[in-house]
Amino acid sequence: MNEISPDLGRLEKLEGIGCARKRREDPRFIQGRGTYVDDIHLPGMLFGVMVRSPYAHARIRAIDTARAKAMPGVHAVLTAEDLKPLKLHWMPTLAGDVQAVLADGKVCFQNQEVAFVVAEDRYIAADAAELVDVDYEELPAVVDPFRALEPDAPVIREDLAGKDVGAHGPRRHHNHIFNWQIGDRDRTDRAFANAAVTVKQDMLYPRVHPCPLETCGSVASYDPVKGDLTVWITSQAPHVVRTVVGLLSSIPESKIRIISPDIGGGFGNKVGVYPGYVTAIVASIVLGRPVKWIESRNENLTTTAFARDYWMTGELAADADGRIKGLRVNVTADHGAFDACADPTKWPAGMFHVCTGSYDIPTAHVSVDGVYTNKFPGGVAYRCSFRVTEAVYLVERMIDVLAQKLGIDKAEIRLRNFIAKEQFPYHTPLGLEYDSGDYAPALRRVMKAVDYDALRAEQAAKRADPNCPVLMGIGITTFTEIVGAGPSKNCDILGIGMFDSCEIRVHPDGSAIARMGTITQGQGHQTTYAQIIATEAGIPASVIHVEEGDTSTAPYGLGTYGSRSTPVAGAAVARASHKIREKARKIAAHLLEVSPDDLEFDLDQFRVKGDPSRAKGMKEIAWAAYNNVPEGMEMGLEAVDYYDPPNFTFPFGAYLAVVDITKATGEIKVRRFYALDDCGTRINPMIIEGQIHGGLTEGFAVAFGQELPYDEQGNVLGGTLMDYFVPTAVETPHWETDYTVTPSPHHPIGAKGVAESPHVGSIPCFSNAVVDAFAHLGVTHTGMPHNAYRTWKQLNALGVAG
Amino acid sequence: MKITIEKSLDLPLSPALAWDMLQDIEGVAACLPGAKITEQLDETHYKGTVSVKLGPATVSFKGEIEIAGRDEAAGTLHIIGKGSDQGGTSGASLDLHASIIALPGGGARLSGVSDVTVTGKVATFGARLMNSVSEVLLQKFFTNLAARAEALRAAQPATAAEVSAPPAMAASTTASATMPAPMPAPAAETKLNALTLLWAIIKDFLANLFRRSKAT
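First to last, the sequence lines map onto chains C and U.
When you line the first sequence up against the working numbering, it's residues 745 to 1546, in that order.
When you line the second sequence up against the working numbering, it's residues 15 to 230, in that order.
Just so you know, the hints here were simulated from the structure itself, not pulled from any lab data.
The structure presented is a predicted model; accordingly, all values stated were derived computationally and were not measured.
Among the hints, a few may not be true.
Unchecked claim - Among chain C residues calculated to face chain U with C-beta under 7 angstroms, some are:
#1 Pro798
#2 Tyr799
#3 Glu874
#4 Asp1455
#5 Asn1459
Beta carbons are placed, not taken as given, at the ideal position from N, Cα and C, and that holds for glycine.
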């Protein structure tokens, strides 16, 4: 006899929400059978290579392409002059600015695109690129955003001369982009004037890069006979690319097909539209042949979409017990030479205003200035929603600074300031409505799991021992993230609301295909979306095929970034599944000759209430949908849903790190890292754990090594993997994970999104741990990355080097 | 990136002869491994090339050299160079102030302060090697220059050029880096052997390592 309940057996067979279903994507990846853009080979395909500027700021006196064009195997060399008749030498950015596709008389950052060489293969194209003679007149470079705002600073964007108003309001200087403010300034100033204690801290969140394993690239193929344009592209938002390409080229969107095949990691790097994509398309149209363009690693790290570069000053006002009364933040944001930040149109600093964090702060004011410098454009989120990592870093660092000033324990000060469970939905002083949260139990659970008191006792003992070879630090973060962009009333990209979509077709045999407006880049959509359908529509996940990334088949969607797939597209999946289920209910009622109201849904079948022996399974209903439907009903079983979320979702977590800093060398060992995440309803615990491991590892990378510094001449340093830190299993610490479940009240299945929380939450946790190790020496902040050399210098400066 | 290099070299020549030697720009340039003056444009302008291997990047710069200042009475020379590599991926500039002062013993000391600025691929791929490579290049340059001075001295009639001080050289950048005694080299060594370069860099790296550990 089978002892297991038949219901449990059926649920496991469906592989619905909550099951640790193995990833459907993995068989092809672990066998090397994925199809990435660079795997696309078309007959007659040519290869394009960019000629780039060695200077950060220079006037172009002349470009001589004759030698390059004369080289055998070269088909074309495009410069801005060639793009001008097509009006494609400049293109709009996502932030309302314009960006040069190919430099128009001037280069404004090192490695800026100057010419595009198209040849038989990549080798010929690369050799020919060296034959393009560009005559530059070097200009002084500005790489410091504060220097950029001085009255005598060189003019970076001559094309904006006379434009005193940008896309986000008035500009007060030739290198100024915008000033954006939110919150109640007067009330906040009063809170500071009346406060018992105030603290202030400057901090830089350095320029970093998402550095996905696969660089950006595309294959453009224009059919001169049909007039159709097909582009295979590394894009996190293929439909947005189609709209942008349509706007730029005047080709109707119906004639453009954008395909994002397998993507080797995005993390924000693959949201934008880059000059290489545009030039590949133009070259294909001009030459009538497919043209491939794939970035080198150096090009990827130095031209397509950096993240952060935020110079922040935080201030907290509090009473003597450490209860926060106000938050004031001033930011100077280095946006590089063109404002190509990926942010919702309305919010040029993204969702930075989530910077009041998990704390009940009565009043706050934020002011952000965007500045042009001679650095490459971007400003995308790196494994986080728009500017959320910066916001969380600020508040989590500031609360530690306050705790140190008052001598209050860093866990205790958080417990004193948390938003209480009863306060949800909670309205923050900066205008956001947090959907749900339960912060104090999460932190207490972590403290218990690691025996926090024992750790503090150990730290005290080590500090008291002058012969101890290490400094021990304990870092805590209790962060709140904002994801799931977003409600179309607040969020749009190029005027298109940030909804997302799902189309489900159930076939006569009961199997189904689901097509999505999102695109997986490692998140496991093909696995998890099927689990939602399994639970919500009663179709086994094993017979559901999830398809994404082809704009000719998928419904319009805004793509995958900012942890929006589950909160937005996942909701669309659930709602489309409900539509399928409700039609199935009517068909079942017809088959069973009862009223639909007399039926109840039971996993994968409809049962007559009170008579469980009479039931119709989804498989049977699907067959009937194609031959025996109630009178007046359309045949078939399919549904489409476009979901415009009513609000964002707010995942949260409590993290704790223990680090040991070797006094003699400055090396930092992460001895322990405990991560508790609450992402609401958990769809696939195995995938969640994998995503958290990945996010923590990328957080570790940023905190301890990643940086794209510039020298005075505007050379970007760190543009190779010799310098840019990508952790491997050797460096990566051991992660301990845990969870609580606080569902989102407004999401159809209560899910909030998870993959970015570990990145957002872990970086300040590492910094807090490093600073905590020095706290008894009066240190309130040290800059990232916390590499051994920097730490060793600090140990020496403080006179505690071993 | 920008590095500043300060060097001095004692020459077995009278200041006047040393000054004359410096006026032969082509001859002096030939002492720098990989460098060549290809054309003299006018009294003060030259065209030239320099090839350097910096780790994975081999760059061949071509550019212009300008004698921006020449003061024979004071014994000072100001040279400005600007160039880009043939592939268009890097740029470099040089700003050199050289001076000649008389030594008490009758010889002359040649001192130079130069700012070298590089941009592009050289800075990206070669930055970490810049200091070591320049050090090695300059050592070679000075060895060659000293050999040239020695040859010049030997060619002079005894009365005009005899100096009592023995040829002695000191590189002032680091205390430990003393120059080897000049070999009676018949021709300036202009090719830089890859192995020599590698060994010099390793030696330099090790020397730095021990200096650092002593400091802690």
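Consistency of the hints with the structure:
For proline 798(C), the suggested interface contact is upheld, since its CB lies about 3 angstroms from the closest CB of chain U, less than 7 angstroms. Hint status for tyrosine 799(C): holds, given a least beta-carbon distance of 6 angstroms to chain U, under 7 angstroms. The interface hint given for glutamate 874(C) is met, as the beta carbon of that residue sits about 4 angstroms from the closest beta carbon of chain U, less than 7 angstroms. The beta carbon of aspartate 1455(C) comes within 5 angstroms of a beta carbon in chain U, closer than 7 angstroms, and the hint placing it at the interface holds.
At a threshold of 7 angstroms, the smallest CB-CB gap from asparagine 1459(C) to chain U is about 4 angstroms, leaving the interface hint in force.
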